[in-house]
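> First to last, the sequence lines map onto chains A and B.
Mapped onto the numbering used here, the consecutive letters of the first sequence carry residue numbers 1 to 275.
Mapped onto the numbering used here, the consecutive letters of the second sequence carry residue numbers 1001 to 1189.
Please note that the accuracy of each hint is not assured.
With a straight-line cut-off of 27 Å between C-alpha atoms, the simulated DSS-like cross-links for lysine-lysine are [claimed, not checked]: (1) B:1158 with A:267; (2) A:225 with B:1143; (3) B:1043 with A:88; (4) A:88 with B:1063; (5) A:186 with A:132; (6) A:48 with B:1143; (7) B:1043 with A:269; (8) A:147 with B:1143; (9) A:254 with B:1063; (10) A:159 with B:1100; (11) B:1023 with A:48; (12) B:1063 with A:269; (13) B:1007 with A:225; (14) B:1057 with A:267; (15) A:267 with B:1063; (16) B:1100 with A:186; (17) B:1063 with A:225; (18) B:1023 with B:1043; (19) A:263 with B:1063; (20) A:150 with B:1100; (21) B:1023 with B:1007; (22) A:150 with A:125; (23) A:67 with B:1143; (24) B:1100 with A:88; (25) A:269 with B:1100; (26) B:1007 with A:159.
In silico negatives: residues of chain B with every beta carbon more than 12 Å from chain A [claimed, not checked]: (27) 1044; (28) 1056; (29) 1089; (30) 1092; (31) 1103; (32) 1110; (33) 1116; (34) 1145; (35) 1154; (36) 1186.
None of these hints come from the bench; they were simulated from the model.
Virtual Cβ for every residue (Gly too), placed ideally from N, Cα, C.
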Amino acid sequence: MFNKLLTIEDEEVDLLLNDLFERYGYDFTNYSRASLKRRIVRLCSLDKFPSFAELRYRVNSDPGYLKHFVEELTVNVTEMFRDPQFYKALRTEVISTLAAKPFIRIWHAGCSTGEEVYSMAILLKEANLLHKSLIYATDLNPTVLEKARKGFFPLPHMKQYSENYIASGGIHDFSSYYTAHYGQVKFDESLGEKMIFSTHNLVSDRSFNEFDLILCRNVLIYFDKDLQDRVLSLLDESLGQLGYLALGTKETLKFSSIQTRYKQLEKEKIWRKIG
Amino acid sequence: MEKNRIKAVVIGGSSGSLDVLLKLFPALNPAIPLTIIVVLHRKNAPDSPLANLLSYKTSIPVKEVEDKDAVLPGMIYLAPADYHLLIERDFLFSLDSSEKVNYSRPSLDVTFESAADVYGPTLVGILLSGANSDGTAGLDAIKRAGGIIIAQSPETAKVAFMPEQAIQHTDIDFVFDSDEMAAFINGLR
Chain A
1 MFNKLLTIED
11 EEVDLLLNDL
21 FERYGYDFTN
31 YSRASLKRRI
41 VRLCSLDKFP
51 SFAELRYRVN
61 SDPGYLKHFV
71 EELTVNVTEM
81 FRDPQFYKAL
91 RTEVISTLAA
101 KPFIRIWHAG
111 CSTGEEVYSM
121 AILLKEANLL
131 HKSLIYATDL
141 NPTVLEKARK
151 GFFPLPHMKQ
161 YSENYIASGG
171 IHDFSSYYTA
181 HYGQVKFDES
191 LGEKMIFSTH
201 NLVSDRSFNE
211 FDLILCRNVL
221 IYFDKDLQDR
231 VLSLLDESLG
241 QLGYLALGTK
251 ETLKFSSIQT
261 RYKQLEKEKI
271 WRKIG
Chain B
1001 MEKNRIKAVV
1011 IGGSSGSLDV
1021 LLKLFPALNP
1031 AIPLTIIVVL
1041 HRKNAPDSPL
1051 ANLLSYKTSI
1061 PVKEVEDKDA
1071 VLPGMIYLAP
1081 ADYHLLIERD
1091 FLFSLDSSEK
1101 VNYSRPSLDV
1111 TFESAADVYG
1121 PTLVGILLSG
1131 ANSDGTAGLD
1141 AIKRAGGIII
1151 AQSPETAKVA
1161 FMPEQAIQHT
1171 DIDFVFDSDE
1181 MAAFINGLR
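Could you put the whole structure together from the sequences, leaning on the hints where they help?
As structure tokens, then:
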């Protein structure tokens, strides 16, 4: 028999989001509601709450649980060289253009556990540009950032990542970038040296630097249109002239207020700031 | 019955279901006043030809969903590979790349449950051929929200497991082959 899901009313979601904002300052009110509701139902089921009321009580009375709840509310699914065609376009069209700069600043916004940050470091290393690059990797969730900082990833994922790497145009032996220990792999220290990890909340924090390339992949899908537009403006403010903005494969700048200043490269979701 | 007029049909399937769609689509009334949402288990490959393939079979426009696309009547929408497909209250699609559900992304249950939540009794859910039990919980959610649920008749399914699960575990309204599905959808007002 299948598991029947708990039903949660929209008003209950509103109550919980209001608690999170009023009591703790976490603002999820402009997140995509359908997705958020599903995350809440999923947490009720994973953490075995018999009803929504009990979940709400725990969130409001147990700071340890609150932290876990907030971290689980956001999605942290990622992989290395996710969408290999995208990475191929980064190699051939973006990285080569950035090569002429004396110094390359990259911001990976919403980096989760860092798989795509290490992918970027590998691209830069292979283009012989890593030494003059700096990758700022941010996420609102400190626990995933701590994982990213350590640079350990599960060994069983390496087969898929290696295939992605090759499909992205990689020509080296992927396993030369890491060493395996007890079911985990540790990526080469030299890749991590040019990464700076820091918490940053796209909803409430501001622009903090100017970049040549900003990646914000599969983050906007969790926001409603108003918040998407606000975040795109923040990214726009943080991008230098002729810089590149890269989004997830099903995300777009179309219909946003910054669209007119950008030109899309071929068919990948990479835009160049021209205005 | 005016208030329960059907607004959307959500169709889900896994292995063996593409053949059913290739028969079903040419039989649909091109002036259909509904939204049709299709979720198939599929490989994550760049430039997937699935939307193209399906669009050759009907004059109803077929669109692979991008995040926050509007949900319009008279359209067929296809869930993209590697994302769950959800529907917002204001009738925009949301994509979600969270954990697989029933080993699948897109998962049929995820879309069915989200559509049930938004459409309530104005939704029809159809489950096609497949080898996994994804879709059964979703059909149940559609039924509980007052919608109509249909399973492909197992003897016409290339892989009968998926519709059989739904027939066993939900209060299914109809068990149809592809011709009966087409006639039913064309008759919806």
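> Against each hint, give a clear statement of whether it holds in the structure.
Right, here's what the structure says about each hint:
no.: 1; hint: B:1158 with A:267; verdict: violated (36 Å)
no.: 2; hint: A:225 with B:1143; verdict: violated (31 Å)
no.: 3; hint: B:1043 with A:88; verdict: holds (20 Å)
no.: 4; hint: A:88 with B:1063; verdict: holds (26 Å)
no.: 5; hint: A:186 with A:132; verdict: holds (23 Å)
no.: 6; hint: A:48 with B:1143; verdict: holds (25 Å)
no.: 7; hint: B:1043 with A:269; verdict: holds (20 Å)
no.: 8; hint: A:147 with B:1143; verdict: violated (42 Å)
no.: 9; hint: A:254 with B:1063; verdict: holds (16 Å)
no.: 10; hint: A:159 with B:1100; verdict: holds (19 Å)
no.: 11; hint: B:1023 with A:48; verdict: violated (43 Å)
no.: 12; hint: B:1063 with A:269; verdict: holds (18 Å)
no.: 13; hint: B:1007 with A:225; verdict: holds (24 Å)
no.: 14; hint: B:1057 with A:267; verdict: holds (26 Å)
no.: 15; hint: A:267 with B:1063; verdict: holds (17 Å)
no.: 16; hint: B:1100 with A:186; verdict: holds (26 Å)
no.: 17; hint: B:1063 with A:225; verdict: holds (20 Å)
no.: 18; hint: B:1023 with B:1043; verdict: holds (22 Å)
no.: 19; hint: A:263 with B:1063; verdict: holds (23 Å)
no.: 20; hint: A:150 with B:1100; verdict: holds (26 Å)
no.: 21; hint: B:1023 with B:1007; verdict: holds (22 Å)
no.: 22; hint: A:150 with A:125; verdict: holds (19 Å)
no.: 23; hint: A:67 with B:1143; verdict: violated (36 Å)
no.: 24; hint: B:1100 with A:88; verdict: holds (26 Å)
no.: 25; hint: A:269 with B:1100; verdict: holds (24 Å)
no.: 26; hint: B:1007 with A:159; verdict: violated (44 Å)
no.: 27; hint: 1044; verdict: violated (9 Å)
no.: 28; hint: 1056; verdict: holds (21 Å)
no.: 29; hint: 1089; verdict: violated (6 Å)
no.: 30; hint: 1092; verdict: violated (7 Å)
no.: 31; hint: 1103; verdict: holds (14 Å)
no.: 32; hint: 1110; verdict: violated (7 Å)
no.: 33; hint: 1116; verdict: violated (10 Å)
no.: 34; hint: 1145; verdict: violated (9 Å)
no.: 35; hint: 1154; verdict: holds (17 Å)
no.: 36; hint: 1186; verdict: holds (29 Å)
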